[in-house]
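The whole structure should be built from the sequences, with the hints applied where relevant.
Chains as they are written, first to last, in the working numbering: chain A, 1 to 218; chain B, 1001 to 1224; chain C, 2001 to 2246.
Partial pick of chain A residues on the chain C-facing surface, computed with a CB cut under 7 Å: (1) PRO133; (2) ASP210; (3) TYR213; (4) LEU214.
Simulated from the structure, these hints should not be mistaken for lab results. Ideal Cβ positions, reconstructed from N, Cα and C, are used throughout, including at glycine.
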Amino acid sequence: MPKWYTPVAIACGLMFVASPLLIANAPYEATMGLVQKIFYYHMPSAVMFLVAAIVCGIASARYLFGGSPHQDRVAWAAAELAVLFGIITLVTGPLWARKAWGVWWQWDVRLTSSLMGWMVAVAYLLVRRYGGPGSDKLAAGLALFGMANVPFIYISVNYWRTIHPATSVVPTLPVSMGLPLWFCLTAFVLLFVLLLKLRIYLEEERARLDALYLSIEE
Amino acid sequence: MLQAIWLIVRKDLTVEVRSREIAYTTLFFAVSCVLNFAFALVREGRPPQDGAAGILWISIAFAGTLALGRTFERERQSETLRALLLAPTARPAVYVGKLLGIIALLIVAEAILVPLVSLLFQAPLLAHPFWLLAVVLTGTIGFSAVGTLFAAMLVRARSRDVLLPVLLYPITVPVIIAGVRGTAALLQPEVDLGVVRFWVALLVSFDVVFVTLALWTFEPLMTD
Amino acid sequence: MNRPRVTPLDFDQVVVDDVSRHFGRRRALARISFIAARSAILGLLGPNGAGKSTMLSLLATLMRPTSGRIRFGVLDVEIADERAPALRGRIGVLGHDLFLYPELTARENLAFFGGLYKLPDPNRAAFAALQRAGLADRADDQVASFSRGMRQRVALERALIHDPRLVLLDEPFTGLDDASAAALVARLKALRHAGAIVVIATHDLDIAEGLLDHAVFLRDGRVAHSAARPEGLRSTYRAVMGTPGA
Chain A
1 MPKWYTPVAI ACGLMFVASP LLIANAPYEA TMGLVQKIFY YHMPSAVMFL
51 VAAIVCGIAS ARYLFGGSPH QDRVAWAAAE LAVLFGIITL VTGPLWARKA
101 WGVWWQWDVR LTSSLMGWMV AVAYLLVRRY GGPGSDKLAA GLALFGMANV
151 PFIYISVNYW RTIHPATSVV PTLPVSMGLP LWFCLTAFVL LFVLLLKLRI
201 YLEEERARLD ALYLSIEE
Chain B
1001 MLQAIWLIVR KDLTVEVRSR EIAYTTLFFA VSCVLNFAFA LVREGRPPQD
1051 GAAGILWISI AFAGTLALGR TFERERQSET LRALLLAPTA RPAVYVGKLL
1101 GIIALLIVAE AILVPLVSLL FQAPLLAHPF WLLAVVLTGT IGFSAVGTLF
1151 AAMLVRARSR DVLLPVLLYP ITVPVIIAGV RGTAALLQPE VDLGVVRFWV
1201 ALLVSFDVVF VTLALWTFEP LMTD
Chain C
2001 MNRPRVTPLD FDQVVVDDVS RHFGRRRALA RISFIAARSA ILGLLGPNGA
2051 GKSTMLSLLA TLMRPTSGRI RFGVLDVEIA DERAPALRGR IGVLGHDLFL
2101 YPELTARENL AFFGGLYKLP DPNRAAFAAL QRAGLADRAD DQVASFSRGM
2151 RQRVALERAL IHDPRLVLLD EPFTGLDDAS AAALVARLKA LRHAGAIVVI
2201 ATHDLDIAEG LLDHAVFLRD GRVAHSAARP EGLRSTYRAV MGTPGA
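Below you can see the structure in the form of structure tokens.
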């Protein structure tokens, strides 16, 4: 593990410990009151979910067409993080929605598209786990298709919902990006980078172990 | 390359005509599916509003998954997929050949499903045949394009039966949405062709993007 | 018997150079080197799991080696990506599973593959092949109705229908009776005479005796022994492999 890892990990941990204080001191939002504060965790995790999905897609494409095993490890790590941050987003979102608008789920276009993206990430992990030999290429193909699908999912879900008599209830992002938001966003970005690095390192060690096994018999 | 595609399609059709296994089982499955929906959703002899479109497309999706699984299982049995990959044909030709075969099979199934659903759910599906054909055809192509690729990739994988739906359904969500909404729009008393055209356009672009993507990735995905 | 056509993409030998192949932690082949030359039959001998089938897959260009290289004449198989289809057209494979469609007739199977291999007249080639195999009278019967030996004969014709330069056979003598095995041996000798490069993977030492020009003994993915003009295969095998299960 590189030298910067431990200091950054400590810093990240401290930031997360400090974040509730900052959030508690943030001003109340006009219409939703206390509940809105879940946004400070919800939005960064949604952003990291998106970032993870993109990283996975790009790494998968590079792996398919270039073949470097490192790209494969990046893709797998990113997919796991996409599932993780996706879960956080998809849990905090409805919690917020329940309190703010009275319903758990609204077939909102962003939430639904995120759900589908998350399903693709979960499918990726299932393929890697249960696909047997060749599942690395398989999963890479899936990630690539998933990424290509994003505009289609968004458009189709968007126009699908307008048929429903649903009001557009997701608020636009607050214009004033206050300190708590940047703070939490930074903490989440650090967390993402730390976890990604750790996971890739794990796979690299596993590959080293395989190579050692193989060279024993030389 | 066109020659090779034609040979593969003709071979698949011949094999299927001889055994008729996949055609019969897929058709029967599709019909059972629709009947299940009927028993589940028809209350007091009245079918649900707008149910027909959804039921039609879900049945197509299920039947399609089954047909895909069986087609490639058959190739796996005598390792004939390997033989196809050994031949000096460009790999994309193998993909296109299998794709056309699957599309043909699904169209046959849909020829039965559409009238059946129309009948059982009292939905005037055949009122605008041209547009219905456009929606169903473009949707089938999209579903098959993704499905053929994934099913071919899964031939050598473990747990391939269960992994095909796991991979296929999330990716084909736009096809299902567009297909259902497009079909449902055709069932309205006052059909808004603009809406139908929108969904067909979406399906066409999906088809173009994903067939291209599949052709592009077929070779790297099938090489070890 | 036609001589294999000499086309622009042709080669005199196949050079396997320090080839390894592993699947995750499992090593299938380790640092294999040998040369398979024209007008010669090379045998890959070894117990089950020695890596023979993997080696054949590598030679058929279905898999890439994890390290080392395989050269077809002067053509490096990795570089030859646009030429890969042309290369495959010069290779014929008789696999463990016979690569035949059971619902098609013998003639249809052969004509289909003949077409894929771009033969000018697939139907005639199919019929000629069936005559060579002595199955012309069963030409229009579905392969599903054939016995194992007959299917093997059709599969062999399928592998050879395009006059390949490199012929790869994976356990071709499995399940054959004496007459069929003798016919196959004669066929292989004719191929050798016509200038093909023949590589057989087998653990059937009695039949291989006297047939091979070169023998490569594989054990646990490694070359345990290599001999030209091998005699007394069975005793060599026992000596090389040690006691069974060792």
